[in-house]
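Chemist: Single-letter residue listing:
2 protein chains.
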Amino acid sequence: MSEILNADHEYRAHADQHASLRLWLRLLSCTTRVEDKIRQKLRESFDITLPRFDLMAQLERHPDGLSMGELSRRMMVTGGNITTIVDQLEKEKLVLRQVGVNDRRSFTVKLTKAGREAFADMAFAHEEWVADIFSGLSNNQQSHLYTLLGAMKKNLQKQEEMT
Amino acid sequence: MSEILNADHEYRAHADQHASLRLWLRLLSCTTRVEDKIRQKLRESFDITLPRFDLMAQLERHPDGLSMGELSRRMMVTGGNITTIVDQLEKEKLVLRQVGVNDRRSFTVKLTKAGREAFADMAFAHEEWVADIFSGLSNNQQSHLYTLLGAMKKNLQKQEEMT
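Listed in order, the protein sequences are those of chains A and B. All residue numbers for the first sequence refer to this note's numbering, where the first residue is 1 and numbers rise by one. All residue numbers for the second sequence refer to this note's numbering, where the first residue is 1 and numbers rise by one.
Chain A on its own, in the form it takes in the complex (with noise of 0.2 Å):
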C-alpha cells in the first residue's frame, strides 16, 4: 500500500513538474511574442532598436541619473551593449554623462531635455501599441492576470532572499 501511495505521489510530483514546464515555456513565448512586436514598432515608427528604447526608460524614471551599473541592472530587455547605446544616445545629444562630485572617475547618465522630449513621444506611443495588443483580453482577464503575476513576483523575490 505504502508502495502505491508512493508510486502515485512521484508521479504527482512529476505531473506537477510538468505543469510548470509548460507554464514557463507560454509564459516565455507570450513576452517574446509580445517584445517582438513592440521591438518592430519601435522599429518602423521611431528607427531604435528595443534596448535603447529601454534604457531611455529607465534613465526617465530616475531624474538624479544613473552609473552604468544601475543602468546595466535596470535593463528589462537584453540584447543591447549600454556603453555603445549611452555613446549613440550622448552624440545625438539626448543623454549626458555627469562625473561624479566626489569621485571623478564615476559617472551618471541622464536623459537631457531633448532626450526628455523625444522619449515622451515614444512613450505615448508605446502606451496605446500595449493597450492594443491586450485588448483582447477583458479587464477583469487582464486584473487576474495582473494579481497572479503579482503573487509570482513577490514568490520570486522570497526566493532570492533565501539565497
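No lab work stands behind these hints: they were computed from the structure. There's no promise every hint is true.
Since the list gives no way to pick out one identical chain from another, each pair is judged satisfied if it fits inside one copy or across any two copies.
Unchecked claim - DSS-like mimics (lysine-lysine), calculated; alpha carbons at most 30 Å apart, straight line:
1. K37 / K113
2. K153 / K41
3. K41 / K158
4. K91 / K41
5. K91 / K154
Place chain B on chain A using the hints.
Modeler: Only chain B this time, still in chain A's reference frame:
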C-alpha cells in the same frame, strides 16, 4: 451631460491603457527574472549559455533537423548568434550539418547521439529548476495563470493573422 460622460470615457480609456502597461511591465519583469535564474543555473551547472540551451531544445523537438532560418524563427530567447552556436556545437560533435538532397547549398542542423544525451541531462535539471521556481504558486494558481496566458496567446495569434 454628454460631455461629462465623454470625459469619463476618456478617463476610463486612459486608465485601461495604463492598466495594460502595468500588466505588460509585470509580465516582462517576471519573465526576465525567471530567465536570469535559469541562465545562472545553466552557467553554474553546465557551463553553457541560455541561447545554446534554447537552440538544442529546438533541435530536440525536431529530430529531422531544422534549417538555419527555421532555427532562428523558433528560438525563444534573444541574444545569441545562431551561426556561432551551431559552429561551436558542431566542433564539440553535439550537432551535425546535413546537406540538402535537392539543394546542395542548403543544409539542416540535427543533434547527434552525443548531443541528444547531453541535452537530456540538461533538460532534466531544467525541468526541476522551473518546478522549483514556480513552487511558491499553488497548483490552482499555476493552472489559472496557464489558462489566462492561453487566452492571451490566442489573441496574439488572432491579431497576427489580421495584419
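Chemist: For each hint, tell me whether it holds in the structure or not.
Modeler: Tested hints:
{"no.": "1", "hint": "K37 / K113", "in the structure": "within (28 Å within a copy, 37 Å between copies)"}
{"no.": "2", "hint": "K153 / K41", "in the structure": "both (28 Å within a copy, 19 Å between copies)"}
{"no.": "3", "hint": "K41 / K158", "in the structure": "between (35 Å within a copy, 18 Å between copies)"}
{"no.": "4", "hint": "K91 / K41", "in the structure": "within (24 Å within a copy, 38 Å between copies)"}
{"no.": "5", "hint": "K91 / K154", "in the structure": "neither (40 Å within a copy, 42 Å between copies)"}
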